[in-house]
Amino acid sequence: MITIRDLRKVYGSFVALDTFNEEISAGEIFGVIGQSGAGKSTLIRCINRLETPTSGRVIVAGQDITALSGSDLRRARQQMGMIFQHFNLLSSRTAAENIAMPLEVMGYSRLRIKARVAELLSLVELEGKGDSYPAQLSGGQKQRVGIARALAADPKVLLSDESTSALDPQTTQSILALLKDLNQKIGLTILLITHDMGVVKRICDRVAILEQGKVIERGRVVDLAAQPHSRLAQDFFPRLTSYQPRPDALLVTVAFRGEVANEPFMATLAQRFNVGANILNGAIETIGGQPVGQFQIELAGPERYLALDYLTQLNLAVEVQDGRTATEQFVDSNP
Amino acid sequence: MDAQLLSNLWTATLETIYMVSVSSLLAAVFGLPLGLLLVITGARGFLPNPAVNQGLGWVINGVRSLPFIILLVAILPLTRLIVGTTIGSTAALVPLTLSAVPFFARVAETALLEVDPGLVEAAEAMGCSHWDIVRKVLIPESRPALVLGLTLMVISLVGNSAMAGVVGGGGLGDLAIRYGFQRFDTRVMVYTVVILIALVQLIQWLGDSVAYRLRRTGNVAPSPGWTNPLARLRKT
Chain A
11 MITIRDLRKV YGSFVALDTF NEEISAGEIF GVIGQSGAGK STLIRCINRL
61 ETPTSGRVIV AGQDITALSG SDLRRARQQM GMIFQHFNLL SSRTAAENIA
111 MPLEVMGYSR LRIKARVAEL LSLVELEGKG DSYPAQLSGG QKQRVGIARA
161 LAADPKVLLS DESTSALDPQ TTQSILALLK DLNQKIGLTI LLITHDMGVV
211 KRICDRVAIL EQGKVIERGR VVDLAAQPHS RLAQDFFPRL TSYQPRPDAL
261 LVTVAFRGEV ANEPFMATLA QRFNVGANIL NGAIETIGGQ PVGQFQIELA
311 GPERYLALDY LTQLNLAVEV QDGRTATEQF VDSNP
Chain B
691 MDAQLLSNLW TATLETIYMV SVSSLLAAVF GLPLGLLLVI TGARGFLPNP
741 AVNQGLGWVI NGVRSLPFII LLVAILPLTR LIVGTTIGST AALVPLTLSA
791 VPFFARVAET ALLEVDPGLV EAAEAMGCSH WDIVRKVLIP ESRPALVLGL
841 TLMVISLVGN SAMAGVVGGG GLGDLAIRYG FQRFDTRVMV YTVVILIALV
891 QLIQWLGDSV AYRLRRTGNV APSPGWTNPL ARLRKT
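Just so you know, the protein sequences line up as chains A and B, in that order. Each residue of the first sequence is one higher than the one before, starting from 11 at the first, in my numbering. Each residue of the second sequence is one higher than the one before, starting from 691 at the first, in my numbering.
Calculated from the structure, these hints are not laboratory results. All of these numbers come straight from a predicted model, not from anything done at the bench. The beta carbon of each residue, even a glycine, is placed where N, CA and C say it ideally should be. Treat each hint with caution, since some may be false.
[Stated by the list, open to error] Only part of the chain B face toward chain A is listed, based on derived beta-carbon distances under 7 Å:
{"hint": "1", "residue": "Met816"}
{"hint": "2", "residue": "Cys818"}
{"hint": "3", "residue": "His820"}
[As the list claims (entries may be wrong)] Straight-line C-alpha distance at most 25 Å; calculated SDA-like pairs for lysine to any residue:
{"hint": "4", "chain 1": "A", "residue 1": "Lys124", "chain 2": "B", "residue 2": "Arg906"}
{"hint": "5", "chain 1": "A", "residue 1": "Lys139", "chain 2": "B", "residue 2": "Asp806"}
{"hint": "6", "chain 1": "A", "residue 1": "Lys139", "chain 2": "B", "residue 2": "Thr907"}
{"hint": "7", "chain 1": "A", "residue 1": "Lys139", "chain 2": "B", "residue 2": "Arg905"}
All chains should be built: construct the whole structure from the sequences, respecting the hints.
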């Protein structure tokens, strides 16, 4: 649905976005996460050409956006909805009139606009709020108006620019649930940028982490979360960093997903080996519909390397604190 | 109060209202597009053009730096060209309008620049043309500030119209000078001043009420910064 090829944006000598490549398929929710200044705003604005890329191509639904200008570009933009952190609703218009605006621009008749606006208000669960002005709505309601406005022209793609960053946690959850719902109900493709890991965890299928204009990690959210060394996993499951293991102990991070989560491997560990297994930290989250978890374990005792070997064989992703893999540790200590 | 004085006051009031309202209307009609042009060709506008922007800025500053009384006399030939005469209330309209146009252009520029750039971005993202952005975003969103700016301009025109007597334009200021000052008739002076004060209060109250209604804040009370004492009296 969205193909991004070698996209670059340079301001003077500052490289805001460095050779970004991605293929986002229809019906996917793709997240771009990064700190402010990482280039994610630049990226999303290059997709609908609010900013003109220095080089590279953006192809949305088979149309090369980078090659368009004038009225062709405006028509192409109507096929992409966009929602914003601060909602960007016109204060001089009611909720219904805000939603009607893209339709007015497209030249819809008054009658069609009225029918479509009513449809959209119910889609975002704002029935009865059509005549309220933005100043009379809560943050969550304003964002719902923003979403309805973005979807007014029935676009294939929704661009979300930090759309939940100005909302409280509870409202954030309800907006994310709405986006996920729309994604499933009408097959909407969503490209969202955020600095909030929670958003990625909650609704994204795939993610790219941007740092100083470069992608430092990308992949399916579940896959990344189940790899102990990934940046995403380290953000999802914060580890103890200052803990010093006992001299006869190993500090091990175990990541797992799916069925393994149901296996009592910690109990087995204690039964089969002469080892003390001490959980320092850990969590299991549901990501993409399956359990994904990570434990930080201290293995102490004479058979700790055998225990480590067992964990590795269990199809768990295992990482020993000093960065070496389990096998390397085992070989080192059993010459 | 004798009938002659009353009639003089009435005529002068009507002359003032005529001069102020017509020149205000004309100034708004010509000033708003100029303000828009300043914003659009400005560095943050969607058609940045430093030559047009700075050129227009110079002209506006130039006209604004002329004291009104000088402008009034200096453009007499232009006045004759436009209205065919250089005396009377209608002749005074030309300098009054000319002085107010650049004033309102600046007021409109300030009001339009205050529109959140995020709104313009949202409009662009939904496929609006520049013209759509002007008529659907910039002007509607700046309406409260435009109305307050217009109020400011109308009141300054009330002041300027007092000088219309120089070209035989009449009005309250002229009456005050000729009867109140030159004929030492203190009553006339006091009456005209009272009428002028009432006029200005009325204009300010009207402007504030309209701007408040355009603000679409629901039922939030207007900020104390621009509440008018009369408006407050009216509420209770």
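To see whether the hints hold, each was checked on the structure:
Contact between Met816(B) and chain A, as hinted, is supported at the beta carbon level, the nearest pair being about 4 Å apart and thus within 7 Å. About 5 Å separates the beta-carbon of Cys818(B) from the nearest beta-carbon of chain A, less than 7 Å, and the hint is met. Among the interface hints, the one on His820(B) is violated; its C-beta lies about 10 Å from the nearest C-beta in chain A, farther than the 7 Å criterion. A hinted pair counts as satisfied when its Cα atoms are at most 25 Å apart, and Lys124(A) with Arg906(B) qualifies at roughly 22 Å.
Proximity of Lys139(A) to Asp806(B) is assessed by CA-CA distance (about 24 Å); at most 25 Å being required, the pair is judged to hold. Of the pairs offered as hints, the one joining Lys139(A) and Thr907(B) holds, with about 15 Å between alpha carbons and a cut-off of 25 Å not exceeded. Proximity of Lys139(A) to Arg905(B) is assessed by CA-CA distance (about 19 Å); at most 25 Å being required, the pair is judged to hold.
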